[in-house]
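Protein chains in written order, with the working numbering: chain A, 1 to 503; chain B, 1001 to 1162.
Simulated from the structure, these hints should not be mistaken for lab results.
Treat the hints with caution; some may be incorrect.
[Unchecked claim] Not the full set, but computed from the structure, chain A residues with beta-carbon under 10 Å of chain B:
| # | residue |
| --- | --- |
| 1 | Thr221 |
| 2 | Val374 |
| 3 | Phe401 |
Everything numeric in this text was worked out from a predicted model, so none of it was measured.
Backbone N, C-alpha and C fix where the C-beta goes; we use that ideal spot for every residue, glycine too.
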Amino acid sequence: MDLITNLSIGFGVAFTPINLLYAFIGCLLGTLIGVLPGIGPVATIAMLLPATYSLPPVSALIMLAGIYYGAQYGGSTTAILVNLPGESSSVVTCIDGYQMARQGRAGPALAAAGLGSFFAGCVGTLLLAAFAPPLTELAFKFGPAEYFALMILGLIGAVVLASGSLLKAIAMILLGLLLGVVGTDVNSGVARFSFDIPELTDGIGFVVIAMGVFGYGEIITNLAIPEEHREVFTAKVSGLWPTKQDFKDMTPAVLRGTFLGSALGILPGGGALLASFAAYALEKKIKGKPGEIPFGKGNIRGVASPESANNAGAQTSFIPLLTLGIPPNAVMALMVGAMTIHNIQPGPQVMTSNPELFWGLIASMWIGNAMLIVLNLPLIGIWIKLLTVPYRWLFPAIVLFCAIGVYTTNNNTFDIWLVALFGFIGYMFNKLGMEPAPLLLGFILGPMMEENLRRALLLSRGDWSVFVTRPLSGGLLAAAVLMLVVVLLPSIKRKREEAFVEE
Amino acid sequence: MSIKSQKDFFSGLMFMAIGVAFAGGATNYTVGNAARMGPGYFPLVLGVLLALLGTVITFKALVVETEDGDKIGRWVWRPVGYIVAANLVFGVLIGGLPSIQLPAMGMIVAIYALTLISAKAGETFDLKEILILSTILAAGSYVTFILVLKLQIQVWPTFITG
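Extracted from the complex, chain A is given alone in its bound form (with noise of 0.2 Å):
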């Protein structure tokens, strides 16, 4: 079997001592930043990039990934106990997660979410190690038409599936394809929209925009919020393990959390933060026994689904980028970004060229998650103690680490500047209800699709029927076309708006 002999490659890289080191470190910050609200892990991602420039390429992403899938585990512990989603896709594990802590049950809360993502996380490794080589052949057959088609499509997945209004989430990622130009143009050498500012005309570092419309954006937004009265139920989590009417009860909530999970987080525009909307939606569809605690009551399948479904989605989310070289969120843009930097060109060649990086970064989540399933469960004393810090301590930090990852990202005091201004955008942002996660995703795939835009006309010879004839191309953007039209009819967008309004 090659997937065995795969994943043998891959746990020889990710057993070494150095890449458990970084593994740990990336879970041990991933559930530090999910259970400190206000702190999420795009930001974190793109305050230690330039941190990993020292590391060797394989420990660079372990580390990184772990924060991403290290964030569901340690979002889920702020949502039970204070209330506060400590992470945006444990929003609605707040709703049932919280009434539980309320009467008493927080212990067999957190072993649910934490049991519950454990086994999502392992299915969501197995299906990546599985998928992975199939759809790399497939993109193997891609032209430049056929990826200007798939970024159309991952785009559109993106606003679609995001919550808030369809056209400002176009609109965002427009505005963000136009920043991704800034900066000298590949083809003819002419810096463009660079103000004869030299620094701009390597363009705009996206560490800047992330940081800055992210990190320092939440931090005002945050502060603006007068702060408010927390109750935390440190004191009584005690009994941590469910009952086996509990354990009867989420076992098949996980199992469907996990499915769903798993195909969300592969779609465009898919990840962590769907996923778990979309599994608390279709559990509280399901009926329940007889003599259940109603939804929103503290029912344990509130809890386990959801938190499931993010832990899933997180690592499935990783096929499209390691498999298309296509990042379907904001966080999986990041780990372009960090992938470039370590001169690796995302895309299906990478698991050839590279196979112990691709196979290793995939042991390593499974161990990440064994991990994490000790570092959230037993230790969990610790982590309540930290919801006690308060945010006047912790916003100088943030606000330092951005500056320092900035200024090391490219030496130079310009980047400093530039974050403030997208500082201070990213709170307009958040003031016009404007989604920034959209502007991210369009700034990464800019380049790319004006690269394979002009490639592809260049060798149709200007002729735009190019992208409808070639069949794969034709069927990506029949595909993104179908997804726009589904969203805009009236029933199903009644229901995407009840879906996003349930917080």
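With chain A fixed as given, assemble chain B onto it according to the hints.
Just chain B now, with coordinates in the frame of chain A:
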């Protein structure tokens, strides 16, 4: 005609302005045609699309009723100002400003300044507490960035190290 959704109205206007600016800027470069695209082609198309979308969003904001008018709400200038200021000061101190012949003050001074200024953005400000916090952060940064990661950052002011 009244604005039905304040948020959408202003974001639409912003998209329009940015779209027009990019499209206008793009005409300064060679545009070319579809088969031989110049550097201006892609940004021109995107700029026009963005301006069009912005128009639609603004129009919808004037026509489609919303429940609460989608008010933007109060701007909090205090955190914005302090966070941005903290950043600017940090940049000046860590790298110096050659244009006014200000020498670099190094990382440690910059960290103290950034922490003190950014902490003012919060609701409460306790000088002693923040000084302790910045000392911890400065020491922590020194260990991680200089000792462990061995990054090339100037640590102390130029006039001390020479």
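Do the hints match the structure? See the list:
{"no.": "1", "hint": "Thr221", "in the structure": "9 Å, holds"}
{"no.": "2", "hint": "Val374", "in the structure": "25 Å, violated"}
{"no.": "3", "hint": "Phe401", "in the structure": "9 Å, holds"}
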